[in-house]
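Dock chain one against chain two, each of which comes alone in its own frame, and use the hints as you go.
Residue numbers (my numbering), protein chains in the order written: chain A, 8 to 370; chain B, 9 to 511.
You may find that some hints are simply not true.
[Stated by the list, open to error] As a list, the in silico SDA-like pairs of lysine to any residue whose alpha-carbon atoms are at most 25 Å apart:
#  : chain 1 : residue 1 : chain 2 : residue 2
1  : B       : LYS475    : B       : ILE175
2  : B       : LYS69     : B       : LEU49
3  : A       : LYS217    : B       : LYS69
4  : B       : LYS475    : A       : ALA149
5  : A       : LYS310    : B       : SER491
6  : A       : LYS310    : B       : ALA339
7  : A       : LYS310    : B       : LYS456
8  : A       : LYS214    : B       : PHE471
9  : B       : LYS456    : A       : LEU14
10 : B       : LYS174    : B       : LYS456
11 : A       : LYS214    : B       : LYS487
12 : A       : LYS221    : B       : SER470
13 : B       : LYS192    : B       : GLY269
14 : A       : LYS305    : A       : LEU80
15 : A       : LYS215    : B       : SER491
16 : A       : LYS215    : B       : SER470
17 : A       : LYS221    : B       : ILE71
18 : B       : LYS73     : B       : PHE62
19 : B       : LYS487    : B       : PHE471
20 : A       : LYS214    : B       : GLY269
These are computed hints drawn from the structure, not numbers from a lab. None of these values were measured; they are calculated from a predicted model.
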Amino acid sequence: MNEESRLAELIACFILFEIGSTTLFQMAADAGQDAWLSMLIGSAVGFMLLLLYLWIHKMNPNRSLYELCIHFLGKWIGKGVGFMLVFYFAYESSRNLRDLGELAAFALLNRTPLAVLMLIGILVVGNSVRYGPHIVFLVCLALLPTVILSYLLLIFMIIGKGMVHLEFMQPVLENGLGPVISAALPETVSFPFGQSLLFLVFFPLVKKGKSLGKAMMISYICTAIGLTIINQINILVMGPALTKVIMFPLLQVVQLIEAAEVFERMDVLFVIVLFVGLGVKILMFYIGAVTGLAQITKIGYRKWVIPTGLLIFAASFASPNFSHHLWLGIDVVVNRVDPYFQFGMPLVLLSVMLLRRKKRMQK
Amino acid sequence: MVGKGNQDSNENLPSDLSQSVEIFRNRLGKSSDFKAREIILPGESSPVAAICYFNGLVDLKSINKMIATVNDFLLGENQGKPSPSSIVDIIPGDLRKSGNIDNLIQAVLDGSTVMLIDGIPSAAIVSLPGGRRRSVEEPSSQTVIRGPKEGFTEDVATNIALIRRKIRSPELRFEDRTIGRVTKTRVSVAYINGIAKDEVVKEVLTRLDRIDVDSILESGYIEEYIQDTTATPFPTLINTERPDAVAGNLLDGQVAILVDGSPFVLVAPVTFFKFFLASEDYYQRYDISSFLRLIRLFSFLVALLLPSLYIAVTTFQQEMIPTTLLISLAAQREGTPLPALLEALLMELTFEVIREAGVRMPRVVGPAISIVGALVLGQAAVQAGLVSAAMVIIVSFTAISNFVIPYFSMSAAVRLVRFALMLLAGTFGLYGILAGGIPLLIHMVSLKSFGVPYFLPLAPLSFTNLKDVLIRAPWPLLKTRPSYISSDNRDRQASKKQSKNSK
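Just chain B, same shape as in the assembly (with noise of 0.2 Å):
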C-alpha cells in the first residue's frame, strides 16, 4: 500500500494524550481546518480521548455518534476508571489500530477519523467517509441514445463501487497503488483474474511503480508515464467515463486504471480500432451497430482527408470535378482573395477557436457565441466574399465528422493530423498527401499499446477477431473474446458442441 516517497521515520506515539495532539497541530502546521476535539468527562480536568479529523473529509454526524457512544460508555457502567483501550473496543465501523505517527497523519489526510486515548500509545483509526462529492451522474462526454446513463465520479472508492456491481464476480480484482510524493493520490488496478493477460497486469503494474512524481491530478497524468511512446498524436490508452464501457473492456481481458480525482477511467491495452466502438454497439441490434461503425469510420476518414482533398483537387487535379460542378466551385472562387490552401487553413483555424471558446466560455454567453460562429462567420464571411461557400461546407462537414468519433483523444489527434495533410496538399495535391497519408499508416502500424500492435487485428491479420471489429456480429456468433488481449480462457460463451455434452 505503501507508494514511492513515503518515508517511514518509525516514530512512536506518546501515550500522553495531550503531548500526542500537540505532535499533530504541528506536523500538520496548525492547519485550519484540521480539527481535535477531546472528550473531557465530567469533573476532570484532563480529556480521555481525542478525535482528529479535518473538516469536511469526515461525515460529523458520524462523528458526533461516535463520541456520544463513547461517553454513555465512559459515563455508565464503567464509571470511575474504564481502561482506556477498551474505548476502542466499543467504536463502531471500519477500524485498525497503528502506534506510527507517520501512518496515523497519513490517515487523517486520506479522509479517515484517528481517534487519540489517553494512556496508550497507539490509536484507532476510523474511516467514517464524508464530505461533498459530486453524485453519479450522466457522463458529459460521451452519451448513449440506449444504455446505462451513469457515470464514473471523482471519488476512485465510488467509481470501483460501480464497476463491482456490474461485474460481481470473485475473479474482478483490485490492485492499488498510491502515487504522487505530495498528492498521495489513490490508483487503482483493475483486472478480472483468469481472462486479462498476467503480463499486461504485470507491465501496468511495473510501469505504474516507476512512476516517481510529486503530483497526479488527473488520469492524464498516468496516461503520458505509462504510455508506450510519447512521440505519437494517436492515444495509446482508451480513457472513459462509462462504467458499462470499463466493464466491458475488463470482459475482454484488458486492464483499467481508475485514478482518485477524475472520473476518466484509463483501459488498456488498445488497438485503433477499440477508438471507434462505442458502448452502445453491443446494445442494439448488430445490424444498426455494424452500420454506425462503419459511419463512424468514414468520418474519421472525412475529418482526417476531406479538407486537404478539396485543397488538392481544387488546386491540382481540377480535371478531377465533374464539369458542371467545377464551373460552379469556379464561379464561387472567382471573388475570393485567398487561394485555397489559405482559405481552408483559415477556416479550419477559426472553426478550431470557436471550438475552444465553446469549451472554455462561461455557460452564460453560450448563445453570443454561437449567434457569432454560425452568422458572422459562416454566412456572413460568404456574402461578404472572403471565403466560398463551397469552403464553408467542408469545413462545418469536416468538424461533425470529427465529433463522430467515440473517444475525444482520438478526434484531438485527427485535428492535429489534418492541418499537416492540408499543407501538403496545398503544396504538392494528391502526390502531398499521399506523401503524407503513408508515413502515418506506418506510423501506426508501427504503435504498440502494451506490446499489443496498434492496428490488430488488420496488420498483423487476424481473421477470428475481426467479427467485432469494423462490423460487430450478432451476440450468438461472438463467442470468443479478442485472442490478442485476453489470456487463454477465450470462450464467453459455450460453443454448440459443449453445450450439447453438458446436457
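So here's chain A without its partners, still in its complex pose (with noise of 0.2 Å):
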C-alpha cells in the first residue's frame, strides 16, 4: 500500500464522485428557473470550502484527515472526531446505496427486491474496496472518458433534437433573490459541493507535487460548470413545475430523445452511465471510511471492509420509503448535519492548526 498515486488519477475520480449521483436528482428545484443561479452560488460556496480543505492539506501534506484529527486536536478528542466522520461517511454511503437500489428497481428490475438490489450493490462495492485507494483511482480514470463522453453526447443529443426551450429560463429572479440563496445555501453547497471534504482522507495518497491545489480547483471549477447546465437542462426540456415532482427528472428527459426508431429507450443505457457514477459515490465514502477505521485503531485496512461494508448495508434500510430516505436526506442530513462536518469541523481543525503554528513560531 505504500505505492503512491498519479494526480490524473484522483483527478478523475474527484470528478466521477462530484457528478456521482448529482445528475440523478433536481438540485436547487425551489428556485424553479433559477436553480442554474443557486448552482452557481452554491459551488461559489462549494469553492470556498474546497480552498479552506486544500489549504489544512497544504499546512499538513502528509496526513489524512483522520491523522490531522488526531494530531491536532489531541488523542481522544481526535479519535472520537474521527469516528463520527467514519460513520458520517458510512452513512453517506448508505444513502448512496439505497439511492443505488431504488434507482434499479425504478429503472431496470421492478419486481427484484430492493434489499438484493442493494445487497448486489453492496457487494460489488465491497469487492472494489478490497483493492484499496490506488487501484480504485485508476479504475475511475478508466472509466472517466466513456462517463463524460455519455453526458456530451445526451447533451447534444437534447440540443440537436430541439427539445431545448429557452424560454422556461424566464422570467430569471422571478421572487427576488430570496428563493435562489435559500435554495443554495445550504442545501447545494452540502450535497454535492461541500462533499469534496471526503477527499481530504485521499491527498496523501498522491505523489507531491506543487499542481494539486491547481487541478483539484479547475476540475472543481469544470465539474460545477458542467453540473449546472445538466441540472438547467432538464428545467428547459420539461419547465420548472414538472421538474420539481419528477422522482428522477434527468432520466425522464433521457426518455424522451428518440432517435432513428433504434434508440428510443436510451434511458435504460444512460442508467448505466448513473450507476458508474451512484457506484463511485459509495465507493469513495466506503474508503474513506475503511481508511478512517484503520488509521484510527490501528488494525489492518481489509479487516475493516467486511464490517464497514455490513453498517453501510443495514443503515441503507434506515427509511421505510424512498420518500422518507429523501425527506430524511434533504431536510435532516443535507440542511442540519452536513454544515457541521463540511464547514465547522474544518474550521475548528484549522484554527488549531493555526494557533499551534503560531505558538510554535513565538517559542
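Spelled out as C-alpha cells, the structure:
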C-alpha cells in the first residue's frame, strides 16, 4: 500500500465523485427556473470550502484527515471526531446505496426486492474496496472518458433534437434573490459540492507536487459548470413545474429522446452511466470510512472492509420508503448535519492548526 | 549452465576404456537406444576408442565420417603407437573435454557424442546434432497475409537462430537455464541489452531459477510458474509462434522465454492491449492497421458481452428493442420451450463442444463434424423449434468474434468470463452485467505483469504510449519505444533535431 497514485488518477476520481448522484436529482428545485443561479452560488460557496480543505492539506500535506484530527485535536478528542467522520462517511455511503437500489428498481428491475439489489450493489462495491484506493483511482481514470462522453453525447442529442425551450429560463429572478439563496444555502453547498471534504482523506496518497491544489480547483470549476448545465437542461426541457415533481428528472429527459427508431429507450443505457457515478460515490465514502477505521484503530485496512460493508448495508434500510429517504436526506442531513462536518469541523481543525503553528513560531 | 537438481558426484572417468564403457552402459540402464561404437585397429584385440551416443539424436553420417578420420589417422603416419590424446586433436567440429562421468552422461543425453579414448581419464564431447525434427514451417495458430511465413519449431537452437537472423545486433543476448529435474529442459531467455529493462530481465531469471519441478514439457509450464498471479483467467504472458512478433517485442524492450520442445515462445511483460496487436499491424498501412485494431477490440467486447446483452434485453429490458424487431423476436421465441438464459447457455455449450471436437477429432472425420454442427445444430434446431433463429445468429457471431482476437490465451479467457456474465444477465439483466463488468474491470486494472500494470497505457494514463495501442500511428511518428516496458534507451529513430545536427 506504499505506492503513490498520480494526480490525474485522483482528479478523475474526484470528477466522477462530484458528478456522482448529483445528476440523478434536481438540484435547487425550489428556485424553479433560477436553479442555475442557485447552483452557481452553491458551487461558489463550495469552492470556498474546497479552498479551506486545500489550505488544511497544504499546511500538513503528509497526514490524512483522521491523522490530522488525532494529531492536532489531541488523542481522545481526535479519535472521537475521527469516529464521527467514519460514521458520517458510512452513512453517506449508505444513502447512495439506497439511491442505487431505488434507481435499479425504478429503471431496470421493478420486480426484484430492493434488498437484493442493494446487496448486489454493496457486494460489488465491497469487492472494489478490497483493492484499496490506488486501484480504485485507476479504475476511475479508465471509466472517466466513457462517462464524460456519454454526458456530452446526451447534451448534444437533447440540443440537436430541439428539445430545449429557452423560454423556460424566464422570468429570471421571478421572486427576487430570496428563494434562490435559500435553495443554494446550505442545500446545494452540502450536496454535492461540500462533499469534497472526503478527499482530505485521499490527498496524502498522491505523489507530492505543487499542482494538486490547482488541478483540484480547475476540475472543481469544470465539474460545477457541467453539473449546472445538466441541471438546467432538465428545466429547459420539461419546465420548472414538472421538473420539481419528477423523481429522476434527467432519466425522464433521456426517455424523451427518440432517435432513428432504434434508440427509443436510451434511458435504460443511461442508467448504467448513473450507476457508475453512484457506485463511485458509495465506493469513495466506503473507502473513506474504512481508511478512517484503519488509521484510528491501527488495525489492518482489509479487516474493516466487511464490518463497514455490513454497517452500510444495514444503514441503507433506515428509511421505510423512498419519500422518507429523500426527506431524511434533504431536510435533516443536508440542511442540519452536513454543515457541521463540511464547514464547522474543518474550520475548528484549521484554527487549531493555525494556533499551534503560531505558538511554535513564538517559541 | 547447471540447473537445479543436478547433483555433481565428481566421479571421474577411469582410464581403462572397457571399464568406462561399462559404467556408461550401467548408468543408462542398458537402454536399447544407447550405442557405444568401438574402434578396433586391425591386428589388435582391444579397442582404442569408443564413440557413445543415442540413436536418433545424432547425425550418423557425421559419426561415420569421424570414425573414418580417426581410422585414417591411426593407420596413417602414426602407425604403431600413437599417443591416445592426439586423437582428440584431429576430431573435427565443436569439441570440449571432460573427465566427469556425470557431465559426460548428461552430454550424451543432451544429444552430443562422447568419444572415450583408451588410456586417458577424460573424454571428448562432440556436438554432432542430427535426427529428425520438424522443419521451419508456417505457424499454424497465428497466420498473416502479409509478413514472414516462418514459425518457431520445437528445437530451441533453431528458434534462437530464427530470432538472431532478424536482429543482427551484438546486444541481442540469450541466457540459458536448465529446468526440470528429470527432463533437464533447456530454457533460453532472450533480450536486447540496453533496450530491455535490467530489473525485468533479472526478475525473469530469478523467477525461472525458483522453479523446482521434475518436468518442463511445454512453455505453458513455465508460464504458470512465473506469472504474477494465478487467480485470474487473463494471461499475463503472451505466447507466440512467430519469430517476427518476438523480434518486434524484443525491440520494444520485452523479454522472450524460449523453451526447448515447444514452438510457443513466451513474452513478458505484457499489457492487456498487447493481446490485440498482430504482427501484421506493423507491415500494413497504418490506417488499415488502426481500423483492424479497433475491429479486434470491438470483437473482444462482442465476444464478451453479446450473449449476455441479448439475454438481458430479451428477458428484462424488452422496452429497449425497437417495436418492429421486438415483434419479430417475440414471434420467433413463441415456439421455443426454454427461457432465453437456458437457450443461450445450451447453444454456447454446444458450440464449445463442437469447437473442442474440432481440435481433438482425427482430421479425417472433419467434414462429418462440420455437417453435424452446421446443419443439425443450426438450421435443424431452429426448424424443429428448439432454439430461436436469433439465438443461433447471436451465438455464431459471438463465436466468430472470439476468433478475431489474435492470441488464443486471451480468447480462452473471454470464453470463460462470458459464461459468468451470461448467468448474471439471466438473473439480473443489465444490472447483473454491470455487477459482473465492474469487478472484471477492477480485476484487470489491478493485474500486473512483471511489475507492469496490465491496463497501461489507459490506466495509469500515459499519452505518449497511446500512439501504438488502439490505433497505430504511421512508422515515422513512432519515434519512441513504449516507455513502460523499455529502459531509458527509448529512441527508435533519430528525432528531427538530432538528424539535423548530425548533418
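Violated hints - listed by number, lowest first
Numbers 3, 5, 6, 10, 11, 17, 20, in rising order.
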